[in-house]
Every structure is written in structure tokens, then in C-alpha cells.
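There are 2 protein chains.
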Amino acid sequence: MGYGIVTEEILTALADIVGPTHIWTTYEKREACSRDETTTLRADERYLPEAVVAPASAREVSEILRLANSHLIPVTPRGGGTGLSGGALPVLGGIVISDERLNRIIEIDAENLVVVTEPGVITSEINAAAAEKGLAYTGYPMSVLSCHIGGNIAENAGGGNAVKYGVTMRYVLGLEVVLPTGEILTLGGKLMKDVSGYSLKELFVGSEGTLGYVTKIILRLQPLMKNRAALLALFADTETAIRAVPKMMAHGGIVPSSIEYIDAYCYRKACGFLNEELPMEGVEAVLLVEVDGSNQESLDMDIERAGEILSAEGAAEIYVADTRSTRERIWSVRRNIDEALRLTDPVQADEDIVVPIAKIPEAARGLREIEKKYGVPIANFGHAGDGNLHPTILKPAEMTLEEWVRVETEIEWDIFRLTDSLGGVISGEHGIGSKRKRYFAELCPPQNLALMKKIKLTLDPNNIMNPGKIFD
Amino acid sequence: MGYGIVTEEILTALADIVGPTHIWTTYEKREACSRDETTTLRADERYLPEAVVAPASAREVSEILRLANSHLIPVTPRGGGTGLSGGALPVLGGIVISDERLNRIIEIDAENLVVVTEPGVITSEINAAAAEKGLAYTGYPMSVLSCHIGGNIAENAGGGNAVKYGVTMRYVLGLEVVLPTGEILTLGGKLMKDVSGYSLKELFVGSEGTLGYVTKIILRLQPLMKNRAALLALFADTETAIRAVPKMMAHGGIVPSSIEYIDAYCYRKACGFLNEELPMEGVEAVLLVEVDGSNQESLDMDIERAGEILSAEGAAEIYVADTRSTRERIWSVRRNIDEALRLTDPVQADEDIVVPIAKIPEAARGLREIEKKYGVPIANFGHAGDGNLHPTILKPAEMTLEEWVRVETEIEWDIFRLTDSLGGVISGEHGIGSKRKRYFAELCPPQNLALMKKIKLTLDPNNIMNPGKIFD
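Residue numbers (my numbering), protein chains in the order written: chain B, 339 to 810; chain P, 339 to 810.
Quick caveat, the hints were computed from the structure, so don't treat them as lab data. We put the CB at the ideal spot given by N, CA and C, even for glycine. Incorrect hints may appear among the rest.
Claimed, not checked - To list a few chain B residues with every Cβ distance to chain P over 12 Å, as calculated:
1. Pro358
2. His360
3. Lys531
4. Arg665
As the list claims (entries may be wrong) - Using 30 Å as the maximum straight-line C-alpha spacing, the simulated DSS-like pairs for lysine-lysine come out as follows:
5. Lys564/B x Lys502/P
6. Lys502/B x Lys585/P
7. Lys792/P x Lys791/B
8. Lys794/B x Lys794/P
9. Lys775/P x Lys794/B
Claimed, not checked - Derived, one-sided and incomplete: chain B residues facing chain P with beta-carbon distance under 7 Å:
10. Glu449
11. Gly496
12. Glu521
13. Lys528
14. Asp532
15. Ser537
16. Leu541
17. Ala588
18. Val743
19. Gly761
20. Lys792
Starting from the given sequences, assemble the full structure and let the hints guide the process.
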């Protein structure tokens, strides 16, 4: 398909829509939109848009999209730029729509337990505003301090609390979406239930900005849970650790807010980085379990029961964190994995596979085998309660970058084929984007892919909306 | 569009697919598929299918749909027949696909916290099977003892626990769906997170059987919560009652498993029916609040705190049910509303509106005005935590049936326009079906309806799949 280019005439038309101070063609602004946080991007992988525009309303977005649609110009929505799959990269040039002027929390409506917001708000700001009224937005991606809520919608972001609180989609009660052809849709509302017609808003959640541009979001809020309790459980093998997870939930009647899994490699790296003197000897897998609620005594009982079950199920040691400082201490280990790995292994590829929970040990064993096959370390950690793992392939210092690019691709194929064979999928919360689409093309069942393409064509007949993502 | 009829030749072909003992053309079998539990159906509103077939596999369903598609025969899926919107009625004749042979729970997989089931299983049977392993399926429609899980998927069923546990969609991890054109799709899996491509499975949830036939379902299970505590709060006015709901949640940090609303009319009727001597004087609105969890002491504290907040917010009286028998007693009032109303007012129309929670008092006032305007009583109860109300229009004994049919339609229009003006929608959990499609055609924004129709056409180009539902 031949796309048009952003001519002087189109730039003038865009300036008429958003105002001359909200359109940019400078190298600096375009360069800032050329990358995200995808770790596999090489220094030369820059995708420069031809222009960046910042609309301030659904109407302006609609006019931009009508213009782009009539001139066949690719349009790429961009939020906080924290994506890990290249979803916000203008891989075919064209126009980037920045959400920097769609950045207001419109309303924290405590009576209806909802927030109404524009897409360009940082997710943690929603939480801060909600907390003032005793409420919380419990969708909680790990990049919560810098990602934008619009990006969370686009990627159906998950995170470390999904085992209890689910992922972004659970909280989306309403959306205002501009279709690639310019129509403005209002879907849902401040409504906790709605079966009046098809589940349209869910179709946009997780569509990676390929079906429309979201201009307004209504999210359900929950009571803010002020109390927490946590524990760290050390295991001599992964299988024992993972088998204990469903038992803790079913036997204990406990739904933890987090069940994080850390392999020996990450555990040692993070503890080393922190000068943390936890036992290392014989530890192969670590679980970090946290419960939250409104009643500290009941949480303390829950975490004690969780610890008892994990011990009975074979944990070698349990550290209950019953004060804020001990809780911080064990969370530090989990939170510093990324930084610890980056310090010693700056070139890496981070993955986002999901398998059935009980298949985590098999996935871990398979990853060890892949590691041996290529002689390349793969650190492994993630969200055990969700079966969502983030294997991180680390370039050995002595390997050339050229060799790395080749080997990394081969390793990714091996990881994804392993995942597929375990009944899993290649992305749980980061998305397919541009990064994984070649793998997705092969691993997604052809009839599913065909249906996705039909839906895309129905909504975006000229394929102008974030092209080059998910599938071609 | 001209549909074909089920000829002898087609009957033979169907018998070849499902076997001669699993196809019926007898009046008895067809009649049994001609109605559901929609209360507004008149005695003469029977929709007889031409044939009923009971396939036993996705492959058989696929062959039936290919056959029907090539001969343009309408196909209507039927589950437990408990629907309240005429979704399972073969309004254009054709073939009814019964799920009576797709009735196995394939697996309770406690290690992965999921159930794999066919669509024809009664929802409560899933719960019974899960409970044996300390687990629960927490999607909980009020018809749980007779509805089929396939119907729950089709309608995205809600119920009385949605304020804490959400509606059916939250639990759907995987679906096997046969498209109207015969392709068999496998969507999702035993996966707690999945952002690999569009949210296809969500498109089928709540599509009322108009986009495909679901042959296999993977649902997430939760730890079984064995303990409960409840209270009944009596209020002198609706506004005070409803205002207290978000405060109880935000100030108390409590997410109740149920917050049911009962108006004075229903409260008196149900108490009268049960010979229950609760105070009546000056009561305009009643809230029933229940909390569940694994720890009885903590629940008792929660329910006490909920009671304190409700009192502080203006409840005239609070009855805490701290034993199983007192809890049963207050739940009886809620559960017997339907039966109490049917006893004295056998002809009725039950609605299913949703409004923002804080708009419930306005909705209640509006319903009182409509009641006065027509001189027809409207009982009102529902799920206060979800803003989901079930106004039930009761035919006065002296009104002729002819007059009733006319007045009922006018009242429904008034109720739906009121709902629309409050930012609500006309169905929260029962669906549009055949019952509400004329209202939906007018109240759904035209561009949303246009998109739904485009999606329908993409998946079902000959409109054979449950035609005459949601929209024409």
C-alpha cells in the first residue's frame, strides 16, 4: 500500500486544526517520538515521524484523522513512551499524535466511584487524586510512575497486582474513541454493568492504537486498601514453589495482591546490587507474596497462613515482613532486578510470555535448556499468580553486537515455540507492537489472525492507524 | 432478506451430522424451544423452530452452521431457557441448536485455577464441582440454579455479587467458538493475561449468540470464600440510602459482595409474603449489605463498620445478621420479592436498567412519577452497588390485557427515556434480545449501532446467527 507523505499543504492544514504552536517538524521533537523503552532496539533503529501534532480535543483528533485518512498518511498515537513492544513508534513515518495536551483528570467522581480522564495523564497521578477521596485505581503497570493511562488502555496493561485486581480492561467503564475515519464514538459510561449491544469498548482496549484514538476514559475506582503484609519464601526448586501458589489460594482462601516469582539468577543479582544478606545457598526460586486490605490484623493472619501453607508445601525458608521497613526490604529485591541486570548486562532483550500457572516450572526448565544451547544467560522473573514471565536475554560481554542480533532472534524463536507448546502466548502485558509481529504472524492461529485483519479493515479501511503493529 | 426453509433434504443432512436420534421436529420439542422466561411474552407469542438439533462437538456445530449458511436458514442457540430478553427465541423459525449434549464439565484444573466446560452445564454445577477443590466460580447470575454457563457467556450475565466479583466477562479466559460460516476459533487459554492481538473473546461475550456458537469455555476460578456477614439497613428516603453506598466503600475500605436495594413496595410485599415482622413505618428504601471472606472475625468487623457508616449516613435502623439463620432471614426478603410480586400481580414486565450509582435516587423518583402518570404500580429493586435496577411494571387487576399491552409499551418508553437522560442504558445484565431491540434501535447512538452492524456483517455475512436479536 502506498502511503502519502506529509506535504507543506498538509502541514498547513494540521496547523489550522491544532493551532500553529502545537505542531512540530523539528528534529528534536521528531527524535523524541522515534523510540520507546523496548530494550531490543538498536541505536540505529530510529523511526522519525514527519510531523508531531498535539490536539486538545476529540474534535481536533477527528479532523486530523479525516485529513490523514483522505491523504493516506500513517498516524501513530504516542503516550508516555514507556512501551516495551515498539507500539508507539512511527515505523512508517507520517504523523505522531502526542497526548501532551489531552492531559487533564476531568473528574474524580467519588459518588459514582469513577474517574473521568484524558489519555495523557500519568497513571500514578490518577492514583494520587483518587487517594485523596479514599479511592484507588487498581490497574497497576510496573511503569505506573511514568506511563500514560491512554497507553495502558492501548496495551491493556497488566502489572504486579493483576492476580487480585486484574488488568486494565476490568476497570474501563467508558471510552470516547475517534475512529480512523473520523467518527467520534462514546462507548459505555459511569456504568458498572452494560450489556446493551456488543462489547465495543473492549475491542479498543489492547488494540495497541490500531483501531482508533482514545480521547476520554472512564475508569472504575475501588476503596483504597491502606494496609499490607508480605513475605518472601525461598525454595530449593521451581516446581515446588509454583505448585504451592494455587494451594495457598485454594487452601488458604487468600487472594494475594501480588505473587511475584524470582529465579536464582535475578535473586542473586538483585541481592548483590542491594548488599542484601539473604540466604543464597541452595535457593532456586523465590516467591514474594503480598496481601492488602482494610484490616491489618486480618492481613497479618492471612500472611501467617500463607507462610504456613508455603512451608508445608516445601518452602525452605520464609521471611514475613510485618513492618513497613521489612516489607520495603523484600520488595526492594523484586524492584531492583531490572536495574541490577542492566548494570552488569546492559544489552538485553526482555520478553513477556504467559503460560498456564502450573506450567511455569516447565517454562523455567525450558529456558535453562535454551540458555545452555546458546551459552547466553536468560534471567527469569515475573508474576507467578498470572503465569506471566519476563525472561530477559542478556548479551554476554564478549559477544559482538552483530552476533547478538542474530542469536537473540534465534533465542526468541526458541522461547516463543516453547511458550506455544505449553499452551501460552508471546505477550501477557507488553503487547505485540512492531517488536513481536513477525513471531505473532507465525504463532497466532491463521483463522484468528484473519478475523483480526477483517476487523481492522472494517474500522480502518485505509490502514492509516498505527500501521506496522500487531500484524501487517 | 429471504431465509430458506428447513426442507426434508436439510433434515436428512442434519440427521447425518448429529445422528438420527438427536434431531427433532415434534411439536413438543419445538414448543419447548419457543419461549423463555421473558415476562412480557403473551400467551400467543410462541416462536416455533422448524427443527431442533443437539450436536455433541464443535465439529458437528460447524457442519450444522455451514449447512444453514449455504441454505440461508436462521439458527438460534438455546441454553437453559432462563433468559429475560427473548434471546433464545427462534423468532424467524429455522433451526434451534440445543446444548443438551454439550453438557460436560471437562475439567476442574485446581493447579491452574480454571474450569474447562462445555456450554450446556448449569452454572451452579460448576460451583459445586469447584467447591470440592476449595475453589469457586464467582460469576453469579440470580438464575444460577437453572441457567447454563453458555447462556451466561452469551448475555455476559451479571447478578447480585457483581459489585465485588464483576460480571461473566471477567472470568472468561478462553473460548472455542464456531463462526456462522463454520470456522472453529480457539481464543485465549488457561492464561490469566493475554495481550497477543485483539480482544476477540470479549467480542463474543455478551453478543447474545449473534456472532457464533460457543462450544468450550475456560473460566478463571477464585478461592472459595466460606464466611459471610450481612446487614439490613432501613432508610426513610432513597437518596440517603444510595448516598451512603460509596461512603461505606471509600470510608470503610470495604468491598461488599452484595449491596442490594429494595424499595418500600417490594419490601412490604416480600415481608408480607414471608410473615416477616420487620419495621415498616416510614421505611422508603432498604439496603442489604453482605461481605464475604476467609476470616469470620474480620468480616464481623467489616459488617460492624459498614453498619456504623450507614448509621452515621442516616440509616434509621440496622439489623446485623451475625448468624447463619439471621442472614438467611434477611436474604429471604430479597430473594422472595419476585415470588411475592407474582402472587399478587401475575402479569408484569421486568426491566433491567443501569444508571450511575448516584443517580439511583433520581431514577427512583422518576419511576414514581411514571407510576402516577399511568396509575400503574412499578416495583423497584436491584443491585445498588452496580446502579442496576429491575423496575417491575405490574398490571392492575382491573386493566384489560389489550390495554396493558398498549400501556406497558408507553411505560417502557418513559422508563428508557428517563434512564437515557440519567446517562444510563436499557440493559445491565438481561440483554437486548428480541424484547428490547425496538427501544435499542432508537436509544443507541447511530454510529455505535452502525459499527455493531458492520462487525455482525463481517462475522455473519448472511445474518443466519440468531437473527432478530439486538438489532435488525
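Against the structure shown, which of the earlier numbered hints fail to hold, in ascending order? The structure conflicts with hints 3, 18, although it agrees with all the remaining ones.
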